[in-house]
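J.: The chain contents come next:
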Amino acid sequence: MIEVSHLSKHYGDFVAVNDLSFRLVPGDILGFLGPNGAGKSTTMKMLTGFLRPTSGDISIWGSDVWTDTLAAQSHIGYLPEGAPAYEEMTPLGFLNFIAEARGLSGPDRDDAVSKASATMSLESVLNQKIETLSKGFKRRVGMAQAILHDPDVLILDEPTDGLDPNQKHEVREMIKGLSKEKIVIVSTHILEEVTAVCNRVMVLAGGAIVSDGAPEDLLTLSRHHGAVTLELIEITEELTSAFQSLDGVDEVEREDNRLTLMPVSDVTDLFSRVMSFIREKDVTVTAAFVEQGRLDDVFRTLTEGDAQ
Amino acid sequence: MNIGVVLKRELSGYFATPVAYVFIFIFLVLAGVFTFYVGNFYERQQADLVPFFSFHPWLYLFLIPAISMRLWSEERKSGTLELLMTLPLSRWDIVLGKFLAAWLFAGIALVLTFPIWLTVNFLGHPDNGVILASYIGSWLMAGGFLAIGSCMSALTRSQVVAFVLCGFVTLMFVMAGFPLVLDIVRGWLPLSLVDVIASLSFLTHFNAISRGVLSLQDFLYFISMILAWLFATSIVLDLKKGG
Ligand SMILES: Nc1ncnc2c1ncn2[C@@H]1O[C@H](COP(=O)(O)OP(=O)(O)OP(=O)(O)O)[C@@H](O)[C@H]1O
Ligand SMILES: [Mg+2]
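Chains A and B are the protein sequences, given in the same order.
For what it's worth, the working numbering labels the leading residue of the first sequence as 1, then goes sequentially.
For what it's worth, the working numbering labels the leading residue of the second sequence as 1, then goes sequentially.
It should be emphasised that the hints constitute simulated quantities derived from the structure, not laboratory data.
You may find that some hints are simply not true.
Partial list, derived from the structure: chain B residues whose beta carbon lies under 7 angstroms from chain A [to be verified]: (1) 9; (2) 16; (3) 78; (4) 79; (5) 80; (6) 83; (7) 86; (8) 87; (9) 88; (10) 89; (11) 242.
Think of the CB as a built atom: it goes at the ideal place given N, C-alpha and C, for glycine as much as any other residue.
The whole structure should be built from the sequences, with the hints applied where relevant.
T.: Here is the structure:
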């Protein structure tokens, strides 16, 4: 369990993190979203005991990060931003070091290292110096070191940055496959990632929480939530204005050969209304679907005012 | 032991890059040049290593900062410090582990000067007890330099700044025992204070040891110097956590 209360970080007059409070329980996979400079990494650095908060408390599995740092840290696996590693070492040497620092030795150490490197498909580069690895492999080495000791809490700062689509998928599957006893915090700029792996999303802007909830709830904030999108062969002015005047349609947006019809706020049956209209007028439609909502919409509305 | 884990990684880090070999090479060449040319080793016609050891403080003035500058600056810059400090390792494990690795490395470089010792034994009959004491004294002094360098490196993410700071502070500690400096200071400071300054100097204690007397006092001086600066290192690291 993680409890954060009134966490703030100031750099001089600048407020990087502003009064965060939240609570995470095992099974939670929290996605941290926010524009550049929102305070995601700063928050993670405080959670892992690297930075001292200006005020506020953090407790990890019952251990206070500041008074009982080592106990708190032993619960955490952490991938810092940019996946730093000792570049002159090989992944094998590096992972062995991390394992030993985590108190593993002998066969336990070897088991942990080979399991983590198998999970991150590192076998082929285990004996090559890290400085000569590609960006994606470096990131994987960083991931392997974070999951090495099978931690209760996994804190990953942009874990899929620089990974190829296959590895992105692998990492997402790995996170989803973690036992329900664990807590994961991931920051990312890839919005789909959040819906793909997280069961809770927190949006930060200007150091403060601007939204916190399930990904589905976040989508309901989108102005596209519940909108009906039609794919048509041909779009005429007439057709557009006909849709515009349809009962229940608030606004019509055109994008290439698609029309998106936004519902008036309390209309829930827009799709059937649109469908009967189409049948009535005999319009040729190649595809039609109800939008869940668009995350980039929500992201922009939530963070635009606050981002510098 | 966690100190051992940090030490092992750090020490292997030295030898994983050419830096270590270049350093040892330069150290050996300079030690040789100072001893045989500048120190008039042959002309003195004496079977001892006084010219060799008397140059060590000056050699260390720029060679030790070259080792110590990377201790923390590099880790801070590359981000590995964040990794290291979020592992369940105590601050002291990390500070001491890294220092001991650097100190052992300096020790290895020192041991590799053994051909000079062989030469003097081949040419005459030196007092090997005095030579051993001098080696120990020199190594202790290197430890003092390194501990200062560790603290200076913790202050900044720039290795160049760390080098210059370390060179400057260690120069102060060497100069404090230099007769010339002491004579100047003697003019306008009370005698007791001059003694205090002299007693803080590396030179005073190193000279005492290299005469062949490894007194407890000199030994304790270097050890407490090391511990004090390592303690300062850990405080600096702690302050930096505040951002
Ligand atoms: N040492 C520091 N001194 C002053 N300001 C700092 C310091 N470290 C971070 N900041 C500022 O704190 C703010 C939050 O930074 P942080 O790295 O947490 O953002 P982030 O949300 O991780 O952004 P990104 O998405 O770009 O990674 C930024 O405006 C940054 O400039
Ligand atoms: Mg960041």
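J.: Honestly, which of those hints from before does the structure not fit?
T.: Every hint satisfied by this model.
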